[in-house]
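Engineer: Letter by letter, the chains look like this.
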Amino acid sequence: DAGVTQSPTHLIKTRGQQVTLRCSPKSGHDTVSWYQQALGQGPQFIFQYYEEEERQRGNFPDRFSGHQFPNYSSELNVNALLLGDSALYLCASSRYRTSGGETQYFGPGTRLLVL
Amino acid sequence: QKEVEQNSGPLSVPEGAIASLNCTYSDRGSQSFFWYRQYSGKSPELIMFIYSNGDKEDGRFTAQLNKASQYVSLLIRDSQPSDSATYLCAVNMGGNKLVFGAGTILRVKS
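Taken in order, these protein sequences are the chains called A and B.
Sequential numbering of the first sequence, starting at 1232, is according to my numbering.
Sequential numbering of the second sequence, starting at 132, is according to my numbering.
None of the hints are false.
In silico lysine-lysine, DSS-like type, Cα no more than 27 angstroms apart, as pairs:
(1) B:K173 - B:K228
(2) A:K1257 - B:K228
(3) B:K198 - B:K133
(4) B:K198 - B:K228
(5) A:K1257 - B:K187
(6) B:K187 - B:K228
(7) B:K228 - B:K133
(8) A:K1244 - B:K173
(9) B:K187 - B:K133
(10) A:K1257 - B:K173
(11) B:K198 - B:K187
(12) B:K173 - B:K240
Hints were generated in silico from the structure; no laboratory data involved.
Model the full assembly from the supplied sequences, consistent with the hints where possible.
Structural biologist: This is how it looks when you write it as structure tokens:
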């Protein structure tokens, strides 16, 4: 049973560029959440996708956008990169519940460095 | 006030001792609580989840929840050097949005 997968594992970009990160959820899961983890901090919620729609969003600017495909995989796009966007980007998958609270499992992450 | 607070540590315990990790949260309506372990350079790994007041045990790990005090803890019995990691407390604040604390660094010394 494949777990959550993410690509690429590492990425180096320069300020102003755009980046796309990819995630495939665990088998049987239909919901993908994205988190940003800066060094020494806990993960911060960016947004969540279910049924190809953004369901919830954290306190992140519009430069952060996403997409979910019919096979439940997801992409995170970040435009106009800033130095402060350097972080570990984590994808978490779960099964959707209207009441919430479903356990989330994390992928290995993509480490983004913006120079 | 931060939504989820943890002591950053490091918490140092000798091998074989009990490690006690604590977490407080601000939203009284929170219903589900999670502990994740994160090794340096790796992604968070789920250790336990708890929904009801009281204790929940799984092997060497016990999660404790007190909703009245808005407090959740993780006890690790018979601590091993391989338990050395950062432990993240996460609270579901509605619709599967997890809010994390900054994590507690645990060091188990042999």
